[in-house]
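*Asks:* Residues per chain, in single letters:
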Amino acid sequence: MNNNGGSMASNNETLFRVEHLHVSVENTEILKGVDLVVNRGEVHALMGPNGSGKSTLANSIMGHPRYKVTQGKVLFNGNDVLPLTPDKRAQLGLFLAFQYPVGIPGVVMGNFMRAALKARRGEDVPVREFRKLLDETLDLLKMDPSFVRRYVNEGFSGGEKKRAEVLQMAMLKPEMAVLDETDSGLDIDALKIVAEGINALRGPDLGVLVITHYQRILDYITPDKVHVLFDGRIVKSGGPELVHELEERGYDWITNPEASGAGPEAVAAGKENA
Amino acid sequence: MGTKIEDVTKDSGYKFGWNDPDFKAVNEPVKGLSKDVVLGISELKDEPAWMRDFRLKAYNHWLERPMPTGFWGGNIQNYDLDFDDIYYYVKPVAEQGKTWDDVPAEIKRTFDKLGIPEAERKFLSGVEAQYDSEVVYHNIREDLKKQGVIFMDTDSALREHPDLFREYFGTIIPPNDNKFASLNSAVWSGGSFIYVPKGVKVEMPLQAYFRINTENMGQFERTLIIADEGSDIHYVEGCTAPTYSSDSLHSAVVEIIVKKGAHVRYTTIQNWSDNVFNLVTKRMAVYGEAVGEWVDGNLGSKLTMKYPSTYLLEPGAHGEILSLAMAGPGQHQDAGGKCIHAAPYTTSVINSKSVSKGSGRTSYRGQLKVYPGAKGVKATVRCDALLLDEESRSDTYPLMDIDEQHVTIGHEASVSKLGEDQLFYLMSRGMDEAEAAKMIVNGFVEPIVKELPMEYAVELNRLIELQMEGSVG
Amino acid sequence: MTGTVTALPSLNRDAVEALSARFGEPEWLLKRRLEAWRLFEEAPMPDPLSEEWRRTDVSNMSLDGLAPFAPPRKAIESVAGLPAELAVFLDENEDLAGRIVQHDSDVVYETLDQDLAAKDVIVTSLQSAAREHEEIVRDSLFTAVTPAEWKYLGLHGALWSGGCLVYVPKGVEVELPIEYVAGLTAERTGIFPHLLIVAEANSSVTVIQEEISPEITGLVAGAVEVIAREGSNVRFIDVQRLGKQVQNFTTMRVLLSKDASFQGILLGLGGELTKTRLDVRMDGEGSETELLGLVFGDGDQHFAYDTRQDHVAPRTESDLLFKSVLDDSASFIWNGVVEVRRGATESAANQTNRNLLLSDKASASPTPILEISAYDVARCSHGATVGPVDDELIFYLQSRGIPADEAQEMLVDGFFAEVLERVPSERVQDRVRAVLDTKLGR
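Protein chains in written order, with the numbering used here: chain H, 1 to 274; chain Z, 1001 to 1473; chain A, 2001 to 2442.
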């Protein structure tokens, strides 16, 4: 495995593997063969222009019913999770931070979190332990305790929604977390808080896939590996330096084969790293 | 002799509102409706027996049915509309115009008054101008003919395409559908007939102008559009009428068949004079993956009762209704639309905007119906109303009958007055109040106006400005 | 008494006179009853083709063989003295300011906090109030609703019995709720409960009305009149927990004077066919209305609600939120009118209706109607939705490890919460939740 020596935490144990994934939405193929490996302890960044299929990948990993997997596998700890319903995947330790978390009127955040934690652990969580964990996490994310009594994502500002997603991640302690554009719609202060939260959760057992359109969140979360998704395929992979290259040169040099001097097929395997 | 219509050609001696004293009606018009009048119309037109029988059957329905008093309608029983005081058939000229040169000078003058510019007339891909009850001018561009598109007045279509005509006529709106559809079916005359063959896309909108020009004369045109599989057509109907002192009646029927994968848009801007009763039945049958759209603008008439309907009959069918109503003093626009979801995975959007001023009243009346088993239906209705002064009134009556679980149905409506803050803002930039109000109203109706062909949008904005004059202050 | 088999009294004019005689009513009241009976006889049955009734199966609205009243029921010392089939619905020790319990045609239990009684608050059966507080009853009874309105209200005007008068004098604030319970146990019998609330200027009161019955056939055709004078504040909660073969027709009208406010919460859970009319007339400038509704239908239950937010005076405000969850073959109709009359300037009105369908055979027909004749409206809007539980929400909860069926339950609870949380009585909240749990098979 070529991981550019960027990861201190990686123990080279394969945690999560996407194999040749093809996904269609309403009969249009969006993902056209995605391959991706995240080792335990690694943070990967997935970048790409709008419409490249980033959110489709995130939703497919979690098992959204609208996204039809036509080929390929998603292996988590060696087991294919594709036959599982989303709740089973979550119980195993997969986590998705949504790009657009939906509002759920009438369902109180606190009750929701307890139900989720119970499902993740497979047993009831004592009230005292739950409160303690919740208070600590709220503190970590600089969130107001009144937040717990509000309806899930209802009337939340953009920043509150994203923080609430990270809060859930912190509480549920997944083994593999996919963050779908968690940075979008955040001002710089909120972004720092969210990034700090994520960094605090980094560790030798957690794998993270940060999906983003912009490089700015990667100023705060240093990835071990960076992938570029374009037209449903990963067309380039590299180390953290790829982020800066993208910042300077944009996506065109990768997505436009003439300009880059190499066809997308040539780099699709992701082995032609600089 | 009584009320039998005879084909006489002597001067009628009628005076017309726009000082067209030279105008001559072909037959002696007779007021009122009877079996003899119905038979007379059929005879005069030399129709086949089946059409004569169709008219008679419809006439019997007309006699049997009570006036609508229930949910559907704008309380027509409260108006003193005397059906015996109306002409049911008036034939303006004996021959049908073939080219622009053949069109009588009086009628050309009327078009001038309507303000249809010369350039625009040439632009029109096929102008059908209905003057009184008959089509007098008819021109289809050669390339339309080459494409196999049939575009003619409905009477001619009955003669020239009898089989195609009979296959579809009266199938979407049967003569006993409602009181006014019965009336139209009994005495119909004129209107447009369009057939678009499979896969043919008509690039330019087809247009027809209608006018009422005989006092107390009912106009009962009948339009039938058949868009064959994969075809595409936009038909535009516009009406204006001069003002008369007593009431007129306009009761049309429009039937449209949108076959698999076809697209039909039907645009109407009506600006009947404010003594006209405008009681119209319009319905589309939309089949698999096809799209049927109504763009319906109501500015004129005393009372309009019109709810264009879209029947979504096969999966993937989509219906859209854009409704715009503006009611000034003494006017009641009772308009809206219906979307009937009779098949799964059908979708519809209704968007209504209305403006009331003076003692004007606008009512949105609509229906959303989802049959059992029509899974995956998505339908939204959005109604916005604007009140311009203390005398105006706005109502919203949206029916929803949902008999299927797996659907997404939403309805939203709002009524507001001319925003003080908006007025103030515009006036602070130097506009006077009337100008500012005009601008706000134009902005309010913009989402619908932008769907109109350019020349119509211009005309509509002009009409709105006329309506708005003196409405503020 | 209940065990004795006697011939049921027939539904006719004589029954009206017999009922009046049984309660020793003054002459004026009998006259009113007989006039109402005349109106009842004249009025047609609902027209199944009319817009209002076309989705209600009026063919099973029959009065044939229905007894106009039940045999007399004896007064009881406490709620525990009620027959078991009613007692199960109620707790003996409640934090209440007063309580009136009607069993079939008679009020059998009355209680009122002594301090309130000392302040001249009246909570008593309408039947006895007709004698003891004749002036109030005479001036107010059937002023908000009238027997001429429709057939079942004519019937109610002729045959009402028991009933409850809540009278709150000027400036008195009643903290705890007052409860009026109407329980039906007599088979094939109609009862006609009547609640009359008169809140004098600057007073405030909360009244909970409960209609209850075991699983029997019968009719409950009630009326509620609320007269809220200047600056008063009335909260009214109606909990309908009738058996599933009982038909329920209730007409409620609220008249608001200047700066008065009214909160009405309708909880529809029981009954075979429920038809409720609720009108609030905001006659006084600055008056305010909040209407909340919650319906859970299952089996073949049919619920029809007609609401009217009638803005007569300037600067009046109203807000309505009705929610229904429909399972099995249950059906729900809501016709909601917002009327802003000419001159009711600067008024604001909103209506929102949300319907959740849990089964393929369930149906909902919301018709939100706006009739706006005032120019200077602050805002008038409405919205209605119908659909199943949103798949996106299910997915979100599933992605957090919560199984789909549990997620659906959570969402149904959440759907209710928005209304239930605004019920100003935890006791009522708990009772309603218990009924909902039973209906959801928990």
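In short, the hints are calculated from the structure, not lab data.
Among these hints, one or two may not hold up.
Unchecked claim - With a straight-line Cα cutoff of 27 Å, these simulated BS3-like cross-link-like pairs (lysine-lysine) come out:
hint: 1; chain 1: Z; residue 1: Lys1302; chain 2: Z; residue 2: Lys1378
hint: 2; chain 1: A; residue 1: Lys2244; chain 2: A; residue 2: Lys2151
hint: 3; chain 1: A; residue 1: Lys2244; chain 2: H; residue 2: Lys118
hint: 4; chain 1: H; residue 1: Lys132; chain 2: H; residue 2: Lys173
hint: 5; chain 1: Z; residue 1: Lys1057; chain 2: Z; residue 2: Lys1035
hint: 6; chain 1: H; residue 1: Lys68; chain 2: Z; residue 2: Lys1179
hint: 7; chain 1: Z; residue 1: Lys1375; chain 2: A; residue 2: Lys2361
hint: 8; chain 1: A; residue 1: Lys2119; chain 2: A; residue 2: Lys2258
hint: 9; chain 1: H; residue 1: Lys88; chain 2: H; residue 2: Lys173
hint: 10; chain 1: H; residue 1: Lys73; chain 2: H; residue 2: Lys173
hint: 11; chain 1: H; residue 1: Lys68; chain 2: Z; residue 2: Lys1198
hint: 12; chain 1: A; residue 1: Lys2439; chain 2: A; residue 2: Lys2244
hint: 13; chain 1: A; residue 1: Lys2361; chain 2: Z; residue 2: Lys1378
hint: 14; chain 1: Z; residue 1: Lys1045; chain 2: Z; residue 2: Lys1031
hint: 15; chain 1: Z; residue 1: Lys1057; chain 2: Z; residue 2: Lys1045
hint: 16; chain 1: Z; residue 1: Lys1179; chain 2: Z; residue 2: Lys1031
hint: 17; chain 1: A; residue 1: Lys2439; chain 2: Z; residue 2: Lys1375
*Asks:* Does each hint fit the structure? Answer for all of them.
*Replies:* Structure-based check of all given hints:
{"no.": "1", "hint": "Z/Lys1302 to Z/Lys1378", "verdict": "violated, 35 Å"}
{"no.": "2", "hint": "A/Lys2244 to A/Lys2151", "verdict": "holds, 23 Å"}
{"no.": "3", "hint": "A/Lys2244 to H/Lys118", "verdict": "violated, 37 Å"}
{"no.": "4", "hint": "H/Lys132 to H/Lys173", "verdict": "holds, 15 Å"}
{"no.": "5", "hint": "Z/Lys1057 to Z/Lys1035", "verdict": "holds, 10 Å"}
{"no.": "6", "hint": "H/Lys68 to Z/Lys1179", "verdict": "violated, 51 Å"}
{"no.": "7", "hint": "Z/Lys1375 to A/Lys2361", "verdict": "holds, 12 Å"}
{"no.": "8", "hint": "A/Lys2119 to A/Lys2258", "verdict": "holds, 24 Å"}
{"no.": "9", "hint": "H/Lys88 to H/Lys173", "verdict": "holds, 15 Å"}
{"no.": "10", "hint": "H/Lys73 to H/Lys173", "verdict": "holds, 24 Å"}
{"no.": "11", "hint": "H/Lys68 to Z/Lys1198", "verdict": "violated, 34 Å"}
{"no.": "12", "hint": "A/Lys2439 to A/Lys2244", "verdict": "holds, 12 Å"}
{"no.": "13", "hint": "A/Lys2361 to Z/Lys1378", "verdict": "holds, 18 Å"}
{"no.": "14", "hint": "Z/Lys1045 to Z/Lys1031", "verdict": "holds, 18 Å"}
{"no.": "15", "hint": "Z/Lys1057 to Z/Lys1045", "verdict": "holds, 18 Å"}
{"no.": "16", "hint": "Z/Lys1179 to Z/Lys1031", "verdict": "holds, 19 Å"}
{"no.": "17", "hint": "A/Lys2439 to Z/Lys1375", "verdict": "holds, 25 Å"}
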